[in-house]
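Visitor: The listed protein sequences derive, respectively, from chains A and B. All the letters of the first sequence, read from the start, carry residue numbers 0 to 319 under numbering that gives the first Met the number 0. All the letters of the second sequence, read from the start, carry residue numbers 0 to 256 under numbering that gives the first Met the number 0.
Do not take every clue at face value.
Unchecked claim - Between beta-carbon pairs, the in silico distance windows are: (1) B:R105 x A:E41: 43 to 51 Å; (2) A:D116 x B:E232: 23 to 31 Å; (3) A:P211 x B:D148: 31 to 39 Å; (4) A:V158 x B:G231: 23 to 31 Å; (5) A:A319 x B:S185: 51 to 59 Å; (6) A:V158 x B:R253: 31 to 39 Å.
Hints are computed from structural coordinates only; laboratory data are not their basis. Glycine residues also receive a C-beta, built at the ideal position from the N, C-alpha and C atoms.
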Amino acid sequence: MSTLVFLEHHEGELQKDSLGVLGKAALLGDDVSALIAGSGVEGLAAQAGKYGARKVYVADDPALEAPLPQPRVDVAADLFRRQGFDTVLFGATVLTADVAAGLAARLDAGLNWDLVDLAEDNGKLVGKRPALDDTVYVEVGWKSEPRLALIRTGTFEPVESGGEAEVEQVAVELEDFSTQAKMIEQAHEESEGPSIEDADVIVAGGRGLGGPENFALVEELAKALGGAVAATRAVVDAGWYPYSTQVGQTGKTVAPRLYIAVGISGAIQHKVGMQGSNVIVAINKDPNAPIFEYADLGVVGDLHEIVPKLTELVRQRKAA
Amino acid sequence: MKIAVCAKVVPEQARRIDPQTKRLDRSGEQVLNPFDANAVEEALRLKGNDADAEVVLVSLGPERSLDALRKALAMGADRVVLVSDEAAAGSDLVASSYALARALDREQADLVLFGQQANDSDGAVMWAAVADRLRRPLISQVAELTVSDGTLRGKRQTEFGYDVIEAPLPAVVAVSDAINEPRYPSLKGIMGAKKKPQETVSLGDLGVEADRAGEAGSRTEVYAIGHPPPRGETQRIDDDGSGAEKIVEFLLERKAL
Chain A
0 MSTLVFLEHH
10 EGELQKDSLG
20 VLGKAALLGD
30 DVSALIAGSG
40 VEGLAAQAGK
50 YGARKVYVAD
60 DPALEAPLPQ
70 PRVDVAADLF
80 RRQGFDTVLF
90 GATVLTADVA
100 AGLAARLDAG
110 LNWDLVDLAE
120 DNGKLVGKRP
130 ALDDTVYVEV
140 GWKSEPRLAL
150 IRTGTFEPVE
160 SGGEAEVEQV
170 AVELEDFSTQ
180 AKMIEQAHEE
190 SEGPSIEDAD
200 VIVAGGRGLG
210 GPENFALVEE
220 LAKALGGAVA
230 ATRAVVDAGW
240 YPYSTQVGQT
250 GKTVAPRLYI
260 AVGISGAIQH
270 KVGMQGSNVI
280 VAINKDPNAP
290 IFEYADLGVV
300 GDLHEIVPKL
310 TELVRQRKAA
Chain B
0 MKIAVCAKVV
10 PEQARRIDPQ
20 TKRLDRSGEQ
30 VLNPFDANAV
40 EEALRLKGND
50 ADAEVVLVSL
60 GPERSLDALR
70 KALAMGADRV
80 VLVSDEAAAG
90 SDLVASSYAL
100 ARALDREQAD
110 LVLFGQQAND
120 SDGAVMWAAV
130 ADRLRRPLIS
140 QVAELTVSDG
150 TLRGKRQTEF
160 GYDVIEAPLP
170 AVVAVSDAIN
180 EPRYPSLKGI
190 MGAKKKPQET
200 VSLGDLGVEA
210 DRAGEAGSRT
220 EVYAIGHPPP
230 RGETQRIDDD
240 GSGAEKIVEF
250 LLERKAL
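Excised from the complex, chain A in its bound form (with noise of 0.2 Å):
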């Protein structure tokens, strides 16, 4: 098996996701490659050498700079055609998910996205699926060469092993519709505010608050028990709060002692970012909302009479 892994990176670093999945590789197989796409990045290659790349290829141009996905199609597919690999994995991210779907059209290559393990069956690669919002994991697969993946945000730890590996500069020649779309304002980390990461407590509202304005039910909550507030996707792109507290898929992976979720309703992508919290407790009208599937205690009622009444028992115990 000849596996080619594509390795996200932001301000100078190597994500850990993708480093995850390099590992992963490297344990179903000698024959690891990594694809690291951008401007300036050709320090990274060492990184990726210890986390189990046998060799890299850095493909480092100005037209790279910006994280956007068409161009890293084009010079996937280049090196693709040059090289051959079997299999073409990736950490599941924003940018990721576009490179993946894009270079298996330009294949006409399968893909499976969401996949939470990679095993090798016989020779046969099969990945593990949950589907149906996770009430079913389906044994996936591929008919052809080669199989692209998309591996599901935090699901293998990157392991140094600390190799080295040999580098190899690749060409970049980008198809004209690829550097259409430009880059005019791109995020960086906001570091303004307390991380949510590091909180002991989070209490997290959704868009089952109704309006911004009921965000101060979960602040109070949040002080009252001396934790962190955070807000899911939907509220954080309605604009309600900011970004820099978003758990889920595109926001942070939290894993508090206590996760108190207000009025959310628990899609998948919001439970990846919070599924590792050592004790969940749900607050929702809607008894059917996914989050009571994977919360330890969940209260079908109105968070308007739950929520204050619980901030004033949690501030009376404390007083006490």
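Based on the hints, put chain B in the right spot on chain A.
Guide: For chain B alone, kept in the frame of chain A given last:
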């Protein structure tokens, strides 16, 4: 401006995978994928009062999908093109994106819109495959979209915050479900929907070769359906006025307070 919205029809509820075919059971009630309603709404918003603008739904699915797609017509979309063919059943990303791209070739829309994900397959990548096949620029995960003078500007959410990306038309855009609040169809809209053009085309009409569609054209397969690993015990209570007290009791029991 001509806007094509790629929409999928999905089972309304009671979702299950058929153990025989290993495909999603689509025998029950079908609805417009809720995430696609955001794309329809955004198309209608961009169309505004421009009488020359057109919003066309493009979908791939069985003939009876037309019933669910009519919701988009009731919201205000102008017409539907449904690619419907027995031979397309079981198409994966590669096969579906090929058929969709061929249908979109016929339309030559200035803008192709997608919703954030399909809520049956949890797929959230179709747009990138279609954009590559159409050889058009792509912006995905868009939470805010504007168009002026033939240029799109989209605000995209990633793991690191918000990017602002511009692209010239024609282009492909996938919108997030936070971009808007889809309208409810009016009674007049519902009454008028049936009279709007609803065209069904076969793979042959689109020039899609048999070996590029359905299972023959697919490159992935499903081996087995299993159960997820057991999760810890969960308990659920209905709030009868003592919900807050019960949470406190539970937290004390779990030493989480």
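Visitor: Run the structure past the numbered hints and jot down the numbers of the failing ones, going up.
Guide: none
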